[in-house]
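*Asks:* Here's the letter readout for the chains.
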Amino acid sequence: MTSGRSAVSVVLNQLRKTYANSHSPLIALDDVALEVAAGEFVSIVGPSGCGKSTLLMLIAGLLPPTQGTIAIDGRAIVGPYTDVGFVFQRDVLLEWRTVLQNVLLPAEIKHHPKAASRERALHLLEQVGLAGFERRYPYELSGGMRQRVALCRALIHEPPLLLMDEPFGALDALTREAMGFYLLRLWQDRQKTVIFVTHSIEEAVVLADRVVVMSPRPGRIVQTFTPDLPRPRTQMVKGSAHFHEVVDAIRELFRARGFLIEQPSAGARV
Amino acid sequence: MARNGIAGLLRQHAWSLGTFVGIIVAWEILVWALRIPAFVLPRPSRVALLLLDRWELFGRHLAYSAQEILLGFAASVAIGVPLAIGIVYSGIVERISYAIIVPFQAIPKTALAPLLILWFGYGLASKVAVAFLIAFFPIVVNTVIGMRSVEPEMLHLSRSLGARPWQTFLKIRLPKALPSMFGGFKVAVALAVVGTIVGEYIGANAGLGYIQLVASANLDTPMVFGVIIILSLLGLALFGLVGVLERMVIRWKPGEAQLEPGRETI
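Sequences listed follow chains A and B, in order. Using this note's numbering, you'd call the opening residue of the first sequence number 126 and step up by one each time. Using this note's numbering, you'd call the opening residue of the second sequence number 753 and step up by one each time.
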């Protein structure tokens, strides 16, 4: 299962997004320029209100930018880019579908061959430790299990690009850490391009090739960090001196800029 | 649920059953002991005998009323659900419908019954119209609420997959709305009974409301009670019917018996 379409590059050029509110327009993003290489894992961290979610919507072509351009694999994005896997903070599983049927939803919508999709779904579920749960309904699963199903759903149609909007933000600290390594395993096998939005500095550093720090309102890219940590990454990463250097450097940047680090609702700071 | 069949069911409902039987017995004794005349308060046994004795009469009028109720209810589903879909999908339909429905909702529907009888006559049509009007609103509202309860993330996901609008509707919006829609159907079917009976009070030549009105004018109180009992059973049966349909359609809902607390997995 090393197949799948090759990963794509994402190029954001001078992006600006304003929301026309009643009085003054709200500038959500300003002057955002970013190049993500094919197969790269980029984390975006920033305080709340830095327009991280808006950025993902723009990349997916679900919202038009006010200014600037987005190109995926060199092609400009003007409408929804339909070759993407989305994971949100809420798992938004369909409660009337079994685990397997939930994973298969994108393949169904895209009319992919049934038997092959089914096979892939079973394999994905096995990889995230959910073999034997195919016929369960979402209400029978814990939060971590549900989010793993959402992860499989995002990968079933083999998209070359994964957009993740604080995917593990609602989980407890232990589950959250485990989810990160599930994700890395899946990514290791497939080498998708991943853009991963998070509130947690440590989570960003553990997972990503590159960590992009954004400022709040208007959201701008402040600085980029490239942690030089070996792959494949395991729990051991957190013990290395370099890991702590990078985390401390980002935290110092936050402090210097006066950004508030939001405590995630579940109290889950990794 | 029904682990031990009928015996288990009886044990489960022993208290409510016992209380019910106790009240009937107390009523019977009280009427007999205080010598209350039947036109004020008939003995339960007398009402029961009347029901057995005149089952043909009751049956005929029950069938007539049930027909009115079901037709009115069916019409409110057939028109209410498509209208709700229109409201969810079109801003223009939403604004126009709300401009009509909201002020209309201020009118007690039963107050329209005299007009409807004037327009549609003493027969079936006027009662169907009252039942329809009274059952319509909860169906529209609950269907709209249900379809709007889809999470925005789910709609983003569906759009990002390039889903066609009908795919999003059939695979996401409609199943998501079903529990709320059935909630509306249950309220609506109970209201349809009320609408039909009120319609029959005001102008009819058949139906349970009609024979009750005649019985009441003749001080035939046992007959009045008989109709009340038949109506209660009819209401229960219709509510149960919608409930059975609901369980057939919504199979994924966690029934209490299926939930196993304490079996938590990470």
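Because the hints were derived from the structure by calculation, they are not lab data. Any given hint might turn out to be false.
Claimed, not checked - Examples of chain A residues lying across from chain B (beta carbon under 10 Å, computed): (1) Y144; (2) G186; (3) P189; (4) G199; (5) A201; (6) V209; (7) E302; (8) F306; (9) L309.
All C-beta atoms, glycine included, are put in the ideal place defined by N, C-alpha and C.
*Asks:* All hints, please: hold or fail.
*Replies:* Verification of the hints:
no.: 1; hint: Y144; verdict: violated, 15 Å
no.: 2; hint: G186; verdict: holds, 8 Å
no.: 3; hint: P189; verdict: violated, 13 Å
no.: 4; hint: G199; verdict: violated, 20 Å
no.: 5; hint: A201; verdict: violated, 17 Å
no.: 6; hint: V209; verdict: holds, 5 Å
no.: 7; hint: E302; verdict: violated, 12 Å
no.: 8; hint: F306; verdict: violated, 14 Å
no.: 9; hint: L309; verdict: violated, 18 Å
Against the hints set out earlier in the document, violations occur for numbers 1, 3, 4, 5, 7, 8 and 9.
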